[in-house]
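Visitor: Chain by chain, the residues:
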Amino acid sequence: GDSVTQMEGPVTLSEEAFLTINCTYTATGYPSLFWYVQYPGEGLQLLLKATKADDKGSNKGFEATYRKETTSFHLEKGSVQVSDSAVYFCALSMNTGFQKLVFGTGTRLLVSP
Amino acid sequence: SAVISQKPSRDICQRGTSLTIQCQVDSQVTMMFWYRQQPGQSLTLIATANQGSEATYESGFVIDKFPISRPNLTFSTLTVSNMSPEDSSIYLCSVEGDRTNYGYTFGSGTRLTVV
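Those protein sequence lines, which keep their order, are chains A and B. The first sequence maps to residues 54 to 166 in this note's numbering. The second sequence maps to residues 107 to 221 in this note's numbering.
No lab work stands behind these hints: they were computed from the structure. You may find that some hints are simply not true.
Claimed, not checked - A few chain B residues that face chain A, going by a derived Cβ cut-off under 10 Å, partial list only: (1) Leu151; (2) Asp193; (3) Ser194.
To be verified - What follows is a set of in silico ranges between Cβ atoms, one per label pair, in the way DEER data are often shown: (4) A:Thr58 with B:Thr162: 44 to 52 Å; (5) B:Cys119 with A:Ser56: 27 to 35 Å; (6) B:Gln128 with A:Gln98: 35 to 43 Å; (7) A:Gly62 with B:Gly166: 20 to 28 Å; (8) A:Thr58 with B:Asp170: 32 to 40 Å; (9) B:Glu160 with A:Thr58: 26 to 34 Å; (10) A:Asp55 with B:Ser107: 19 to 27 Å; (11) B:Thr126 with A:Tyr92: 20 to 28 Å; (12) A:Asp108 with B:Cys119: 42 to 50 Å; (13) A:Gly114 with B:Lys171: 21 to 29 Å; (14) A:Lys105 with B:Phe167: 15 to 23 Å; (15) B:Glu160 with A:Asp108: 30 to 38 Å.
Every residue gets a Cβ at the ideal spot worked out from N, C-alpha and C, and that includes glycine.
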């Protein structure tokens, strides 16, 4: 079945460091890909998305590019802030009809000043 | 995108009791999804709720344990029945965005602790 694999956490960085969180997927077709963020004590928020190959999603300085050839959707940010400390979930959904989200295990990011 | 009001935000319940979680959406949506997030884990889909029909449950989840109602296009409830400490989780409802957006909106979650 469809699945998402994320790098294990926690990822610990100093403020202004470069961030990469790896995400790869397995799907029978061509899914839409998402990154969700969960701040401490809060629900999930959509961070960015891409619906087809080579699309780049971006928001709040975060970027991810839909790479069909490597089945990847890695999350990057050039300079992290303490306020970016959260759990990040990579997810996919198939594009036919109303389809559920399939989530990765989540990666906790800790940014220290 | 849709705005979801989910309540309660948290509860502490005795084992053997039941809790009903409500989600109200500010617009009409065809499908609503209920997820469980166990402590330190990712989200797992419990069921998909379509208005006017029985919910479709994922493997490992049954209607007797997690009955769902979907009386109209803006509202759904999930009941966690005969609770045990293993049911302590965050429960979230979700709706799909419009077709061109393909975004999903989540409620703020219900943090359930069973003692």
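Visitor: Within 44 to 52 Å or not, the Cβ separation of A:Thr58 and B:Thr162?
Guide: Violated - the Cβ-Cβ distance for A:Thr58 and B:Thr162, about 26 Å, lies outside 44 to 52 Å.
Visitor: For the hint 20 to 28 Å, verify it against the beta carbon of B:Thr126 and that of A:Tyr92.
Guide: 27 Å, holds
Visitor: So the hint says 21 to 29 Å: do the beta-carbon atoms of A:Gly114 and B:Lys171 match that?
Guide: 42 Å Cβ-Cβ, so the 21 to 29 Å window is violated.
Visitor: So, as I understand it, the hint says B:Asp193 touches chain A; can you test that by seeing if any CB pair is closer than 10 Å?
Guide: Violated. Min distance 19 Å.
Visitor: Note whether the CB distance of A:Lys105 and B:Phe167 lies within 15 to 23 Å or breaks it.
Guide: 32 Å, violated
Visitor: Between A:Thr58 and B:Asp170, does the beta-carbon spacing fit 32 to 40 Å?
Guide: At 33 Å between Cβs, range holds.
Visitor: I want to verify a distance hint. Is the separation of the beta carbons of A:Gly62 and B:Gly166 within 20 to 28 Å?
Guide: 25 Å, holds
Visitor: Can B:Ser194 be said to touch chain A, with a Cβ gap under 10 Å?
Guide: 16 Å, violated
Visitor: Indicate whether the distance between the beta carbons of B:Glu160 and A:Thr58 respects the range 26 to 34 Å.
Guide: 33 Å, holds
Visitor: Could you see if the CB distance from A:Asp108 to B:Cys119 stays within 42 to 50 Å?
Guide: Taking Cβ atoms as reference, A:Asp108 and B:Cys119 lie about 44 Å apart, which means the hint holds.
Visitor: Tell me if the beta carbons of B:Glu160 and A:Asp108 are separated by a distance inside 30 to 38 Å.
Guide: 36 Å, holds
Visitor: Is it true that B:Gln128 and A:Gln98 lie within 35 to 43 Å of each other by Cβ?
Guide: 21 Å, violated
Violated hints, in rising order: 2, 3, 4, 6, 13, 14; the structure is consistent with all others.
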